[in-house]
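So the sequences go chain by chain: B and D. Sequential numbering from 1 applies to the first sequence in our numbering. Sequential numbering from 1 applies to the second sequence in our numbering.
Note that these hints are calculated values from the structure, not bench results. A few of these clues could be false.
[As the list claims (entries may be wrong)] Straight-line distance between alpha carbons at most 20 Å, and here's what the computed EDC-like set of lysine to aspartate or glutamate pairs gives:
1. Lys448(B) <-> Asp344(B)
2. Lys217(D) <-> Asp492(B)
3. Lys221(D) <-> Glu419(B)
4. Lys265(D) <-> Asp71(B)
5. Lys591(B) <-> Glu419(B)
6. Lys419(D) <-> Glu521(B)
7. Lys96(D) <-> Glu236(B)
8. Lys218(D) <-> Asp474(B)
9. Lys46(D) <-> Glu419(B)
10. Lys123(B) <-> Glu198(D)
[Claimed, not checked] Label pairs and their calculated CB-CB ranges:
11. Arg548(D) <-> Asp398(B): 35 to 45 Å
12. Gln318(B) <-> Asp224(D): 31 to 41 Å
13. Cys323(D) <-> Lys238(B): 22 to 32 Å
14. Asp338(D) <-> Tyr401(B): 52 to 62 Å
If you're wondering where the values come from, they're calculated on a predicted model, not measured in any experiment. Glycine included, each C-beta is placed from N, C-alpha and C at the ideal position.
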Amino acid sequence: MSDNRAKKSKAPLKTLGRTLGFVIKNYPVHCVVVLICIIVSAMVTARGTMFTKELINDYIQPMLDGDLSSDVGFRELGHRILLIALMYAAGVFATFLLNRLMVYVTQGTLKIIRDTLFEHMEKLPISYFDRNERGDIMSIYTNDTDTLRQLISQSVPNMISNISTVITVLTSMIILSPLLTLTALVVVAVATAITRMLAGKSAKYFRKRQKNIGEVNAFIEETVEGQRVVKVFTHEDKIMEAFDEKNERLYDSTRLANGLANVVMPIMGNLGYLNYVVVAIVGGYLAVAGVGGFSIASLVPFLQFTRQFNMPISQFSQQLNSIIMALAGAERIFALLDAPIEEDEGYVTLVNARESEDGTLTECEERTGVWAWKHPHSADGTVTYTRLRGDIVFEHVDFGYVPEKTVLHDISLYARPGEKIAFVGATGAGKTTITNLINRFYDIQNGKIRYDGINIQKIRKSDLRRSLGVVLQDTHLFTGTVADNIRYGKLDATDEEVHAAAKLAGADYFISHLPNGYDTEITGDGANLSQGQRQLIAIARAAVADPPVLILDEATSSIDTRTEAIVQRGMDSLMEGRTVFVIAHRLSTVKNSSVIMVLSDGRIIERGSHDSLLEDRGVYYTLYTGNKK
Amino acid sequence: MIKKLSHYIGEYKRITILTPILMVLEVLFEVFIPYLMGHIIDDGIKVGDMGYVVRTGLLMMLMALLSLLFGASGAILACKASAGFEKNLRRGLMDKVQKFSFANIDRFSTASLVTRMTTDVSNVQMAFQMMIRICFRAPIMLTSALVMAMVTNRKLSLLFVFVIVLLGTALTLIVTRAFPKFRYVFEKYDGVNAGVQENLTGIRVVKAYVREEHETKKFHKASDFLYRCFVSAEKIVALNGPVMNLAIYACMTGIFWFGANIIVKSGGTDMQVGQLSTFMVYTMNILMNLMMISMIFVMMTMAKTSGERIVEVLDENVDLTECENPIEEVKNGEIVFDHVDFSYSNNRDNLNLEDVTVTIPSGSVVGVIGGTGSGKSSFVQLIPRLYDVTDGSVRVGGVDVREYGLRTLRDKVSMVLQKNVLFYGTIAENLRWGNENATEEQMRAACESAQIMDLINSLPDGFNSHVEQGGTNFSGGQKQRLCIARALLKEPKVLILDDSTSAVDTKTDAAIRRAFREYIPDVTKIIIAQRISSVSDADMIIVLDEGRINGIGTHEQLLENNAIYREVYESQMRGADFDE
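Required output: the full structure, derived from the provided sequences and hints.
Encoded structure:
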């Protein structure tokens, strides 16, 4: 992971432009004020240093020489210093404003990015989540937004501030003495060359260190993860041997990488002093010779500037590097934001309806318990209403997760309201895929799926999904109370509805025995509950939604037989009176189904009731008897 | 904590002591430079004595070079010492974890152990490096700059004392106020990220119930709260910049006014203009280093938590110890449980196994059946002494397991755990965990028995095929069979399968058991299973319920007289599994 994470940005300028554009778009006024504050603060510092020259030339020297009486001199100086102090106060205020505004800009931008990321992520199609590793998406929220924070709050403003410092200081130096400026620049050039060389070398070792850290951490993770196996196989000494070797390699690269990087500080600092000495000697000659009106009064601020000049230069390459690193993170953020969202061209919606005696449906606002598909016809502007019944038909459906590889071939089937369709077949036969098509997690390539006679492509996805209940094999619960989790199926469900759903699922008994009953907090995806209990909650969640059509994936995982029986009963009562598509693992479920579809390699190879399939003596027969043995 | 951790400096002790000394030398030479600077101006340039300028200039250069030399070598040594310390500390942790018993491992979660050994170690390393370099450098720089300022002009240097006190107070206030806020913010931050994680794992549920907007709203609320927390914490830290500037500017203004006063009033005897420059440099030296000290304080506080978490691991009591004169030979695979009580928490009121007594003859096949929490895993884990009994005793080959050398016992009692793990490398490397000198012949035989040889033959690289970390490139059933082969290679006297064929189909499962009977008839085989079919042909089946033995017998006997066994059997016959 660390390998591809450490990659540099591919199009840094474009990403930088986009990032800054994003910041500026959201905080235009802030940005302008911040920029002004940076410039003001740099100028204030330079002006203050510059004042030393006037202090010596216009006040101290004349007063020492007796050209200016100290009474008058100090009075005037007092006024000047008061002005300087006021200017300094403005400088402090500018820094205050700058820092304060940057807090809002940085945190605000991060918040907007976080929110936009999440909002966009929720709209992405399931295929995106199937294609991308969870950990990779997660690190966009953690690592990448962190580097972005660095970029916005530090790297970029520091860069701007350093540039403005360099400009103001350089200008001041040229004003004081162009010749001496040239001398100072020569030394600075040498210093820059040295740091660049060191930084380059150190970067090489840093990459190596990054790689070694990755290896050591992966090894630690793997070992600790499998620590029990290590113990059972008494492999402790072998582990230490392998670990020592990796640990030693990491030590070597860390030592070199950090050593080189840290050596830059004392070198730059002391080269700064060397510069100081050179400037002093050359400046001394100039002052003694009096070239171009250069005097000690100019030398004092000039020396000061030499030091101020040093710092931004030595930081420059380091900052540039961190900006480029951060941009790689920004690029990943934008990649997620650019991922195409789930398309929905559906226009048929699900509405509450009232049915009159003659069977005509009229739309109404309040919940009636009767639902209807509202189907507007753009051709003649009329609207037809169809009662939601749960009638599903597949007509010659072909599907593939990638266009060139079809995984379902020519699937045709129908399910009348209240019928139970069981899918049976080996792993990878396409059972789960079929259920993914009904709720349009994926769209079919050929053929048609009709819901109450309406092509599901025409139904708005949210309404389609609202009419379908799903209980998946891997139950997933959210942080919140047990009641919250059941209510997930119907957000405005009353407590009575929640309890009724739990009763139906057979979850009521164990929930009421939890420490806080329905208000028990669920943490870490329900880690405090057993797998069977989690499944019961998931069943209750589907029950409270009360959809006419259900998609069930029976669990195969090894929960013990007694809990399994309870879960089974819950599922059975949930299925009652609904159209059900069930990926079946239990014989009892299969036996009770209206129709059984035996799938193999994406095709329906046998279909019929349990008894008729047994009579046929086909694949189903072998499956059934083979297991019975 | 410091004492415990400093033990790991080890062979880097000499350079750890040397580094601060070098840093002090660097500072001492550096701090003279601004002082000489003032003299160059006042005694050289001003009076036109170029000879003095060049002489003093060369002296300054020499000092700068010496300071550079000490500073650079100090930096290199500091990095070497801290990298070495980090290495030793990491090794110490790894070594400790290797000594952990199962009970110790239970007490720390895997994730927390990994964090302690990675992130926490680098936090402590960084703090260590800071400590031996900056911790000495900053205060010494501050004091010597202050002393030099006093030498230059005592009156003017009073200004510094004043500003240091003010800035010091301000920085302390900022740090102490901001720190708890940040701690809180990071907790909230973790919470928000946990929310994202939850949505990633549950995205199918979110989409199926059309709860995208609900989730987005929930997230916005949390994110907004986080924003406000961050702002209120950062606002305090944002005061650092202006406060620092205020201090610098105050010093500058003070130097301008009082400096001019002192120079003029004394007629240039107490102080001269060049020394203004000296003072300006010392201003920066003093204030910057004061800032540095406040940063160190923050860093140390952060590292302290990491340090404590590390020491927690290092101080963990390993509760499984080897006896003085261990027996190094396991005679046979006979196992005796003699009135065994066992509790994971070592608490007699909360027993996981209670009064378990059973004798298992060497070479027999034993099935163990029971619901979740019935104590099946606890029962078998006592045999290779992964845990110690709370009361009673477990004997293997006629000897109490506590009297064996741990390695001897565990080499002869081979166990396939419920949670199977393969390691990064090749199949052969993984198999050789069982026996590092295993020939291809032996590996082939073990794999045949475990019914995994067909798979290996079908792979282009055979035994040299690559295994991903955690074995993720193999299916559950394949992993289980590889783990069985690995356990077989140990040539054990007792073989324990803890629900190790749950992902293997019934036919293969039966073939594995047949192979056991045929190829390792003398090995005692204990099989925990959910499926009755996995144990029905065993010589002896033990039914566990709530930590007690509920029944012992053959399949037929138990069907006859054990209610639990019969119930499980009937429910499984009703619900055959349709998966392959």
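Status of the hints after comparison with the structure:
no. : hint                                : result
1   : Lys448(B) <-> Asp344(B)             : 16 Å, holds
2   : Lys217(D) <-> Asp492(B)             : 16 Å, holds
3   : Lys221(D) <-> Glu419(B)             : 43 Å, violated
4   : Lys265(D) <-> Asp71(B)              : 11 Å, holds
5   : Lys591(B) <-> Glu419(B)             : 13 Å, holds
6   : Lys419(D) <-> Glu521(B)             : 28 Å, violated
7   : Lys96(D) <-> Glu236(B)              : 10 Å, holds
8   : Lys218(D) <-> Asp474(B)             : 23 Å, violated
9   : Lys46(D) <-> Glu419(B)              : 106 Å, violated
10  : Lys123(B) <-> Glu198(D)             : 16 Å, holds
11  : Arg548(D) <-> Asp398(B): 35 to 45 Å : 57 Å, violated
12  : Gln318(B) <-> Asp224(D): 31 to 41 Å : 35 Å, holds
13  : Cys323(D) <-> Lys238(B): 22 to 32 Å : 24 Å, holds
14  : Asp338(D) <-> Tyr401(B): 52 to 62 Å : 58 Å, holds
Checked against the numbered hints above, the structure violates hints 3, 6, 8, 9, 11; every other hint is satisfied.
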